[in-house]
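Given the coordinates of chain Y, work out where chain G should sit on it, guided by the hints.
So the protein lines, in turn, are chains Y and G. If you count the first sequence from 1, position 13 lands on 12 in numbering that gives the first Met the number 0, and the numbers rise without skipping. If you count the second sequence from 1, position 1000 lands on 999 in numbering that gives the first Met the number 0, and the numbers rise without skipping.
No false leads were mixed into what you were given.
Subject to a maximum C-alpha distance of 20 Å in a straight line, what follows is the list of computed PhoX-like cross-link-like pairs (lysine-lysine):
id: 1; chain 1: G; residue 1: 387; chain 2: Y; residue 2: 520
id: 2; chain 1: Y; residue 1: 367; chain 2: G; residue 2: 656
id: 3; chain 1: Y; residue 1: 529; chain 2: G; residue 2: 956
id: 4; chain 1: Y; residue 1: 223; chain 2: Y; residue 2: 233
id: 5; chain 1: Y; residue 1: 337; chain 2: Y; residue 2: 375
These aren't lab readings, by the way, just hints derived from the structure by calculation.
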Amino acid sequence: MANNKLNLSNTIIGILLVLIMTGCDDDFLDRYHKTSIAEEQFWQTTEQAKMGVNGIYRDLTRSNVYGQYFYNDLYTPFAIQHAGNKRNGLEMGFATTRTGDFRGKWAECYRGIQNSNRALARLPEMSINDDLKKRLIGEIKFLRALFYFNLWDFYGGVPIYDAPVNYNDAIFPRNTSDEVIAFMIKDLDNAITSLPASYTTSDRGRATSGAAKALKGKIYLYSKKWDLAAQTFKEIIDSKVYNLHPVYAELFKYKTEQNSEVVFSIEAISNADYTGEISATEWMGNRSTYQSGFTWDDPSNILCDLYENKDGSNFNWDKVIPGFSSMTLAQKDANVFKKEDETRKAWNNRDSRMAVTFILLWDKFVGKDNVNFTYKWPQSNSDATCLKINNPGPCVNVWRKFVQEGNDQAIRFKSEINWPVIRYADVLLMYAEAKNEVSGIDATVFTAINLVRARAAQPLLQNSDASLPTFVASTDAMRQRIRRERAIEFAGEGIIYSDYRRWKIMIETCNHDVFDLRGSKLYTKIFEEKNYFWPIPQDEIEINPSLTQNPGWTN
Amino acid sequence: MFNPNNYKSMQKKWFNDEGLYRALFKCLRVMKLTVLILLATLMHLSASVYAQQTKLSISLKDATVRDVLKTVENQSEFFFLYKNENIDVNRTVNVDVKEKSVEYILDQIFKGTSISYEVVNRQIVLIDKEHEISLPQGPQQQKSVKGNVTDSSGGSLPGVSIVVKGTTTGVITDNDGNYSLSNIPENAILQFSFVGMKTQEIVIGNKATISITLEDEAIGLDEVIAVGYGTQKKVNLTGAVTAVKFDEISNSRPITSLSSGLAGLGSGLNVKQSSGIPGGDNASILIRGQGTLNNSSPLVIVDGVSGNMNDVNPNDVESISVLKDAASAAIYGSRAANGVILITTKRGNKGKVKVSYNGYYGVSQAAGDFSLISDYPTHMELMNEAYKNVGQASPFAQPTIDEWREKSKTDPILYPNTDWFNYMINPAPIQEHNINFNGGSENSQLYFTLGYLSNKGIVEGSDYERYSYRIVADTKVNNWMSAGASMFGYWSIRDMRQGSGLTSLGNTVPGILPIHPDGRFGGATALGETTATNNMLSSIRYRTNDQEKQKFAGTAFVKFNIIKGLIFESKISLDHTNTLTDNFEGIGAVWNFQTNSIVREHWNKLNTLGNNHNRYYSIVYDELLTYNRVWGNHEITALVGFNQEYSRTDLFSSSKKNPLDVVIKELDGYTYDPLVGGSANDRAIRSYFSRINYNYKNKYLFEANVRYDGSSRFSEEERWGVFPSFSTGWRLSEEDFMKNIGAVENLKLRASWGQLGNNSIGDYEYQSLYAANNYSFGNALVLGASINSISNPIITWEKTNITDIGLDFSLLNGKLSGSIDWFHKLTEDILIALPIPYANGGVTAPMQNAGVVKNVGGEITLNYSDKIGPDFKYGLSGNFSYTENEVVKYKGDVASYMDQRILKEGLSILPYYVREVDHVAKDQAEIDALIADGYTFSPSVPKPGDFIYKDANGDKKINDDDRVYKGNSIPKINFGLGITMEYKGFDFYTLLQGVGAYNYYMNDEYYWSSNIRNGLSVSKKFLNRWTPQNTVTNVPRLTTGYAANTVANDFYLQDASYMRIKNIQIGYSFPKSIMDRFKMGKVRIYASAENYFTFTKFEGIDPEAPGVAYPPLKQLIFGLNVTF
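Just chain Y, same shape as in the assembly:
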């Protein structure tokens, strides 16, 4: 009989099975993510502490935080949409509470805040070098304040989350504007005492005590606490840590962007492993840049006309091209803009910052493959050295500021130019503004604004010779000069939108038809009272009904 065989085989099989099954370890079902570190294993080492904080800096580069901050100018009189490239309809009055940007900024700012809160919950418990720990905590507090500042600037009072929260419990009601201010000031005071005034090269770009002070001053300024603002800015000026960089143009060049004028910048490099994305070159740039930009928006005629003549007087088309304002579109086209010499008359005698900020019609631009392009009108496709813009049509100047030249910027959408958040020129002009409100046009006000003008080689403002265009006699007049100076100095940098809203002058300045240089109507800008604050995203209110909507916004 086959029984012995049968039994033997069964035994072998049985043993094999036992082996197979006991060979399966108890951790067979434990499977871990292959490219990340579990939270329990994080916040253990010095390196991880730094990495965790660096990760929060990266949140600043998200497109609705600072990654595409230049878009803000589109909502002001100073930039216009190019060939129908609406950002979100906000500047044309038809944005709704569900418009993506409103949700985007809200979410991305809170992303930085929640990452800050998680870090602040773990860092104090870590056993790492105490000085480093103190500095890192200070950095986080600065960053958290900066994220709150962005929210507060655009939405007003927002819910304050100061510690990690379960995702379903992130339904706090709004805090008042004053509560948010107090919260930010507290964070910044901690940062001011914890942070160094400067870093060595390898850490350049981290938050400094000066940056924390400047942000603190800005918050006071925005909330019209003029004396506190002036006092804070004076401390910065007196510290002598910062200077205006002598060449305005170099502020926006990759190789010279690190200089003593930088108070706080978003760092950018064009490296595939750098996950941040400052995409200014891509959106502001033209088709002749190395990575073929989109010319998404253009500087407006209003902005271009704002640049003074070299003697400090206001620019007037009719003075450089007699009869210009009474010409027809066709005449302007044929007699002015198609002729380089005629067009140049309008650009020749102007504030030096103008040619730095714009590629004016008939200007040169060193684009891809280091070709020296000329921005001709009209553009010619067959002319290889003619600078090309996306969707040609309107006769406009285009951006030069933040647009990389030659074959820099190896990766599309990743500009190498740091994005300035606060630079010393801003500190000076903010000081001038605050001080002007506190004490009127005293010498310190003139000194501050004139430092900025002198760098641009514009004649200094004064209150002694009324015959000169630089004569400023009153607080009111000085306020207007400062406002104009800010628009020019910071053109394309996105902050004038915040200024115009805090000055509450949007309604009178931002409701008008938009034209190209020849006077061809492009579209109409609309600004209503409700637009002073962005709406709380409707999707968020639906999840968190305790949030109240900003006035004027309905779903």
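Showing chain G alone in chain Y's frame:
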């Protein structure tokens, strides 16, 4: 000589094994299954001397033989094996022994009878010597008979058993279907029987040759269908199982992916093929509606191993079972909540090797049209109108438009009006060839198939080619061991340039010449046209993107008959897929031929080559112990099993720029900017399961299942789940009171309840993770890390409770059969990524066990088949399902919104939530009147040509609060109807399929929305838009970037119900007489039309693929099916 009795008695024999039985359960309680098996085998080894050593003491008076045997079994470890009908166990005997061997006792009680015994280890087999003498040798006249047996298609049938009725004498037919019998009485009756065929009886009489044709058994009561880890007679099923008929008819359809071939074939199935793109045309399947808010795809088991049904060549499919209720699916426990689809593939048959070929050739066409405006001047005017309507400058000057209109009549090169749809979409050939070999000896069988599919897409850049194979070998080593192995796989090459959709068809304008006769590509030409607009042809031609897939999968098993009825099976399966993608992006320009200048160069500054590798593998172990026992009217089948699966995916990507020459397509020939990336993920599951079936007289049926599953997708505390089910059936037709109702062949009531699980979420969702988020300081990269998605550590299985009540019937001699089911499916702890507050940072939301969903519905399946006259056969097979769902628990009054849909307690799953359009405002006067009446509007006050929405809540504020629930995003009704007819070699088949109560929201920018954009196409629908001249219309004015007419509203909500004639085919099989002359078995030629007619109100391209997708294809094919 073959002894048919040995076969028949297998089922009837029972062995008494209480000792082992007790030990078995004791073991089960305390140790792992495998240890038990080890012990069981060791027990056998040590038993040989047992019989001599064991002494028994028994004292019984007037006891039955049965009692004596029982007593022996109780006192010892012996157990007895005997045939009930041969051994008279009710005979009374007296026994009085002390310390005697078992032989002594048996000699006593069987003294004077013909019964002898044989001791094999601890088994004692009782034999009736008289029965061993098989035939009484009488003086009857003896004769011989021979013949041949064929099936209804004329093929010879090997393995048919032929028995002289009333005796054990018999033979089986050989490989050619021949048999011969000698020494049989003249008056004998021959019984011909074969599985799946009707048994026939023939009186021999004076015939020397008897050749017969066996007919297929009509929907037989003996039909066996696949269930989890085994098979079951259909009549004894207590669960809701649909056996999908997938046979020659299905294989005469151009089914390029198995999943899409299931549409209309079974009740409770919703099959949706959302794209016809070759190589990506698989369908998504729902069983009994959407049971969860999460992934609702059913578990697919191919030959016992979880897999992807689209990897299976439809020609290899033997059977498909759809397990719909908890009773039938619970054996798969944790992943079975959405139902299970069991696919069994063909294996080798005994007998002569058969070769068959099935192939077709045909033409594919798009099943619908986008209907975009192709007259460029009209396009430009509409664009101008849209921009003007929102106060923006018109992109095109009127002279440009006029010039185009005039000159395009004579110069279509410089002034093209390209109809991109008709230019790009062209009929394309499709062909498929399959050849298979099938046959073997009594002990070893082989099956293999080679298949080739070539599906040229209807758009350039979407070709697909596949070479597939399957090899199956089975062998019976001896009477207690068998083994088998199968291997299958394919090698496919897919041109991926077309991606999955046809968005680039809308991302263009008619004013672009696809290609100049000199080979240059056209670009934006008219002044004002956006230079970014696409030339679809150039974007295909400047690239290559080939995806090569190599799949290899194999299974090997070994099976042991440990003791009668107890079978152990061990199986290992390996699946391995390599996917290689080469992606070349070339530099290329598009031209304005009017100015003879380049409009735009390709984004890339440099030619770029990408090379990606994706490797997937899985290893699955299965151990299965099954036990079957019948005694008297009782039958028990039980199984216990173990299963574990591990699978892993590895991704590697690389790219480099600037080749030495564009013909070079390998990375080493590129010079600049190398980039690499890589990642991996894995998952594991381990399970223990058991099932027990019991039936009494095949009349009262009972089944219970339980599965215990652990998944790596949940944390250690949450990962294990128990999933039980119970079901019962009552075959009324077996009751005496039904016996005399002749028309009723089978009538069965069944009911089941069970709980199933679902874990179809990402692999590491419970883990909170810090991922790289780098930044830079001092112009140098630094490492950064942060949490990019929020995790929820306490997630666990979804639990689905299903109650099912059903009725199966077979009436009118099996002509009419069918089943009716009612089910109630309640899914709790649904895993879903609910929208979370944006204050969390807008990061990916975590999965949560949130909410309860209920699905209630009914299904009916009816089959009818009959003959008219001797030659005309016909059959109808229909199914209809209705499912109503409801979100029972969610977040109280708080809703979540997903696009235009709403998720809220008390509603169905994600109905559309939209404003209702009252009408399109004719003029300013009526808007002024509304304002004067106190109405306010959001997002903006309407202008003439805008929608006036209904004030649903009557608050005079027209805003999103006026939205109403409208339309289903999940179809409630699914139906299918197959009709077959046969007449003298001709056959006809048609399949109708459809869904009802289904809606779709059309909001693609260039396809349907009233917001259009320069550079994108415009739908013809807007030819009837509101204009100051055309004020009476339901189509709003054209705008760009304008919110008021595109907030969620019912203008865009379409009824997407449809009925489609999925397939019509006509075939002809040549008569056997002709085929025999050519030594052919069967030859059938056919013509088949797929997806040819659709009846729907839907206005988009296709209700099944409603978006801007690659449309489903309609095909007309001609095929040939040969067997020899």
